[in-house]
Amino acid sequence: MDDRNLMRAWLELSRISNLPTVWTNALAAWAVAFGGFQYYQLGMLMLGGSLLYTAGMILNDVADVRFDRQFRPERPIPSGRVSLTAAWFVSSAMIGLGAWFMMVLGGANGWLVTGLVLAIIGYDFYHKPWAGSVIVMGACRTLLYLSVGYAAGAGRHIRMNSDGGNARFSIDSATTWHWPRLSWDLDGPLLMHAVVIGFYIVGLTLVARGESRPAEQSRWMRALSRLLLWSPGLMAAAFVFLGGQWLNLPILVAFVACIRYATRRMRAGGPAIGDAVGWLLAGIVIVDALAIGANSLPIAAGIAACAPLLRLWQRKIAAT
1 MDDRNLMRAW LELSRISNLP TVWTNALAAW AVAFGGFQYY QLGMLMLGGS LLYTAGMILN
61 DVADVRFDRQ FRPERPIPSG RVSLTAAWFV SSAMIGLGAW FMMVLGGANG WLVTGLVLAI
121 IGYDFYHKPW AGSVIVMGAC RTLLYLSVGY AAGAGRHIRM NSDGGNARFS IDSATTWHWP
181 RLSWDLDGPL LMHAVVIGFY IVGLTLVARG ESRPAEQSRW MRALSRLLLW SPGLMAAAFV
241 FLGGQWLNLP ILVAFVACIR YATRRMRAGG PAIGDAVGWL LAGIVIVDAL AIGANSLPIA
301 AGIAACAPLL RLWQRKIAAT
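Residues in the sequence shown are numbered from 1 upward in steps of one, following my numbering.
Hints were generated in silico from the structure; no laboratory data involved. Positions of the beta carbon are idealized from the N, C-alpha and C atoms, including for glycine. Careful, some of the hints might be misleading.
[What the hints assert, rightly or not] Ranges of calculated distance between the beta carbons of each label pair, as one might list FRET restraints:
| hint | residue 1 | residue 2 | range |
| --- | --- | --- | --- |
| 1 | Thr114 | Gly188 | 23 to 29 Å |
| 2 | Ala131 | Arg66 | 16 to 22 Å |
| 3 | Tyr39 | Ala131 | 38 to 44 Å |
Please work from the sequences and hints to get the whole structure.
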């Protein structure tokens with residue numbers, strides 16, 4: 001296999017077209033927690049989150065290798081484009097590096113990052129036999145939000161000092177990555193947005209399962225998935241119409257348009273469900289934009305505008 005095809009196999013394995021949603025998750029959590037202009041720290045948190053996401057996607061195929069050999073032989077591992085041993089090694093290394101970047105260089109709380117790692121591993125190995133694993137999938141995004149937001153809002157900042165032309169990085173004394181005691185006095189908006197992104201991901205995961213096993217979903221399960229998908233919009237609508245956050249109204253309109261289109265595609269059934277899932281995955285960035293819109297509409301609009309671009313990218317590299 002040439003280098004280009006090998007690279008494409010790894011990109012497919014990593015479901016790389018969804019990776020920007022990890023970046024917007026981190027940006028939204030940082031903004032909601034008023035993390036300020038600590039770009040190095042934010043960059044380390046985003047890099048760590050990216051590594052953990054990629055590791056989770058690769059490990060997902062490692063865990064599903066027997067299923068894929070029977071039902072999805074075109075996937076990178078059963079097709080022989082990526083070896084199982086290489087996938088094991090790369091995913092394990094990325095988990096370790098991702099946690100290190102988030103805790104040591106990003107100042108994230110060790111307990112939250114450990115919870116995130118355990119949620120990723122738990123979902124990968126139990127999503128097939130345990131229907132309740134959809135909750136764990138949602139917890140992955142919630143814990144990512146909390147990890148970044150806690151680091152931003154708890155005074156954990158990285159500074160760069162220059163000494164005689166030699167730059168060096170040091171960590172403020174407030175950055176305690178050695179398993180500090182976790183304070184649950186978290187910022188209210190951060191916690192709300194973290195929970196809501198988790199709800200959205202659970203709803204999305206239920207829809208995605210219906211893509212491959214539509215007959216197994218009951219009517220109430222389909223209704224629950226739609227309620228969870230709408231939860232970010234319901235919260236944003238409350239802030240707009242009851243809290244006076246009118247700047248967020250354009251982002252709310254974009255969210256409603258995305259969910260309504262995806263819902264109509266779901267009703268069509270068959271291959272249309274795959275299109276719906278793709279738009280719901282791209283819609284994660286709009287959910288993140290809802291978290292930012294009341295404070296900075298231009299940034300939120302820029303993030304929301306990425307949704308159709310992600311949908312186009314999904315046509316190059318499959319997102320599911």
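To see whether the hints hold, each was checked on the structure:
{"no.": "1", "hint": "Thr114 <-> Gly188: 23 to 29 Å", "result": "24 Å, holds"}
{"no.": "2", "hint": "Ala131 <-> Arg66: 16 to 22 Å", "result": "19 Å, holds"}
{"no.": "3", "hint": "Tyr39 <-> Ala131: 38 to 44 Å", "result": "41 Å, holds"}
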